[in-house]
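K.L.:
Residue strings, one per chain:
Number of protein chains: 2
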Amino acid sequence: MKSLIKEKGAPYYLQIKEILEERIFNNVYPVNSLMPSETTLAEEFDVTRTTIRNALKELKNVGLIYTEKGKGTIIKSPKIEQSLLNFYSFGREFKDSSHNIGSKVISKEKIVPTLDLIEKLQVDEKTSLFKIERLRLFNNIPMILETSYIPEDVAQGIIDEDLENKSIYDLLEWKYKVKIAKAQEYIEPKIANVIEAGLLEIPKISPVFYTERITLAAGNKPVELRMSIIRGDKFKFYTELY
Amino acid sequence: MKSLIKEKGAPYYLQIKEILEERIFNNVYPVNSLMPSETTLAEEFDVTRTTIRNALKELKNVGLIYTEKGKGTIIKSPKIEQSLLNFYSFGREFKDSSHNIGSKVISKEKIVPTLDLIEKLQVDEKTSLFKIERLRLFNNIPMILETSYIPEDVAQGIIDEDLENKSIYDLLEWKYKVKIAKAQEYIEPKIANVIEAGLLEIPKISPVFYTERITLAAGNKPVELRMSIIRGDKFKFYTELY
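Line by line, the protein sequences give chains A and B. If you use the working numbering, the first sequence corresponds to residues 34 to 275, in order. If you use the working numbering, the second sequence corresponds to residues 34 to 275, in order.
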């Protein structure tokens, strides 16, 4: 849990924004409920109402709350809006934010590729693959269950890296000198199976995204296949069409 | 049901491709099952095996089948791959194809906007909206349940058009001289409710896409809000990330 640092911290309104954001994500303020009033919040944090108002403005901008005349401030769907307009990466996007981002390694092993993997990663049957299964956490809440397949010759030794705290894309680019060019992604709706629901801590019959992403290096060489189960109650995708 | 036209029809292999495609979409050939052999198909259509082979090649290219050594030709997931890289429209995309495309109007009415609609369509509370609910059909199979909201002043009288056979975007552009600039789209996974499942003819607990699309004319004026329930067993979205 975050709390306001009055000494040499970030501007109060930004700190308070993040504290409130955390409360929304953790369901302290449930969806559709009323936010405490500006006066109540000002008292709690011992700041002016203007500071609270600025914090609320920030939350409004990221789509977490809205105001209704005569009612007050209401908690909106706490979904992370994931833009499909550029190469997104959970680990990278939130890395520099003050959110507590991490991964739990569920399994990692070296495997012989199946026919499907041979086709998708364009490797021959003699190429070993690293299979890395991670649960991605945001403020300690499980958000995405991710299975990565990386050809051994692309990143020898990546399986022994600190995969709980490091982004695979960062490792590929900075340590293994793989220049990532683009990714092709397929998105499907699905109902989480019992294992997925258990790991993601969601009710048994929950809608999730299933995505399959092939990441290509220069020359269109596939360097990773990633299958993700993404919580539907926490994420929505956004795109612009022309 | 299509059948082969031997007189002045399209090339045999293309006609056969479409007949087989229809069978896959209609579950005559279920997913993961084996396709009849080339010889069997050649006999059925009374053409050469080369013609059959060319038809199968086409089906392979659109991702409906694949070949496994020693087994034969297998039916893949019959999902329509919907690219998010450009402004897609079910009615427009398949209009010129030989597929049987149509809509069933479920309801249409003039309504007073709710607060949510006022905000999303940027209208005032005095602007009436047309609400048009359509079931989109592909070869007579229900694929998408779509609810459109259009401000009356954008397209006076659109509610009386032939909405079973015409694309709303085409009507807006050609008849009502609305220049569509872009659309903003949100995509979420969801479990179809009983009404949606009934109309879409899918089992009760089925995963579907829920999309919300705001279409903007020049000057960023919202001209339509469209909420769609898209069958998850028939569609997947595709995008490229850079």
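These are computed hints drawn from the structure, not numbers from a lab. Remember, predicted model here, so these are calculated numbers, not experimental data. One or more hints might be untrue.
Said to hold, decoys possible - Cross-link-like lysine to any residue pairs, in silico, SDA-like; alpha carbons within 25 Å at most:
#1 A:Lys267 / B:Lys164
#2 A:Lys102 / B:Val156
#3 A:Lys223 / B:Gln217
#4 B:Lys112 / A:Lys159
#5 B:Lys153 / B:Leu204
#6 B:Lys237 / A:Tyr275
#7 B:Lys215 / B:Ile151
#8 A:Lys164 / B:Val227
#9 B:Lys143 / B:Gln155
#10 A:Lys215 / B:Gln217
#11 A:Lys223 / B:Gly103
#12 B:Lys199 / A:Tyr275
#13 A:Lys102 / B:Gln115
#14 B:Lys267 / A:Lys90
#15 B:Lys215 / B:Gln115
#16 B:Lys159 / B:Leu170
#17 A:Lys223 / B:Tyr243
#18 B:Lys102 / A:Gln155
#19 A:Lys223 / B:Glu221
#20 A:Lys90 / B:Arg56
#21 B:Lys104 / B:Phe120
#22 A:Lys267 / A:Tyr202
#23 A:Lys159 / B:Gly103
#24 A:Lys267 / A:Thr83
#25 A:Lys153 / B:Ile107
#26 B:Lys267 / A:Leu117
#27 A:Lys223 / B:Leu170
#28 B:Lys109 / A:Lys102
#29 A:Lys93 / B:Lys102
#30 A:Lys153 / A:Tyr202
#31 B:Lys102 / B:Ile151
K.L.:
Mind checking the alpha carbons of Lys104 (chain B) and Phe120 (chain B) for me, to see if they're no more than 25 Å apart?
P.N.:
violated, 39 Å
K.L.:
Given the proposed pairing of Lys90 (chain A) with Arg56 (chain B), does the C-alpha separation stay at or below 25 Å?
P.N.:
violated, 54 Å
K.L.:
Lys199 (chain B) and Tyr275 (chain A) were given as a pair; does the straight-line alpha-carbon distance stay at or below 25 Å?
P.N.:
This hinted pair holds, its Cα atoms lying about 21 Å apart.
K.L.:
With a cut-off of 25 Å on the C-alpha distance, tell me whether Lys164 (chain A) and Val227 (chain B) pass.
P.N.:
At roughly 39 Å apart (the allowed maximum being 25 Å), Val227 (chain B) and Lys164 (chain A) break the hint.
K.L.:
Please work out if Lys153 (chain A) and Ile107 (chain B) have their alpha carbons no farther apart than 25 Å.
P.N.:
At roughly 17 Å apart (the allowed maximum being 25 Å), Ile107 (chain B) and Lys153 (chain A) satisfy the hint.
K.L.:
For Lys267 (chain A) and Lys164 (chain B), compute the direct alpha-carbon distance and say whether it is at most 25 Å.
P.N.:
violated, 29 Å
K.L.:
Quick one, are Lys223 (chain A) and Gly103 (chain B) close enough, alpha carbons at most 25 Å?
P.N.:
violated, 32 Å
K.L.:
Is Lys102 (chain A) close enough to Val156 (chain B), meaning Cα to Cα at most 25 Å?
P.N.:
Answer holds: Lys102 (chain A) to Val156 (chain B) is near 17 Å, not above 25 Å.
K.L.:
Regarding the pair Lys93 (chain A) and Lys102 (chain B), is the alpha-carbon distance no greater than 25 Å?
P.N.:
violated, 56 Å
K.L.:
For the pair supplied as a hint, Lys109 (chain B) and Lys102 (chain A), is the alpha-carbon distance within the 25 Å limit?
P.N.:
With a Cα-Cα distance of about 52 Å, the restraint between Lys109 (chain B) and Lys102 (chain A) is violated, given a limit of 25 Å.
K.L.:
When you check the alpha-carbon spacing of Lys102 (chain B) and Ile151 (chain B), does it fall within 25 Å?
P.N.:
Measuring from Cα to Cα gives roughly 58 Å; hence the hint is violated.
K.L.:
Taken at face value, is the distance from the CA of Gln115 (chain B) to the CA of Lys215 (chain B) at most 25 Å?
P.N.:
Holds, because 17 Å separates the two Cα atoms, which is no more than 25 Å.
The structure is inconsistent with the numbered hints 1, 4, 6, 8, 11, 13, 14, 16, 20, 21, 24, 28, 29 and 31, although it conforms to all the rest.
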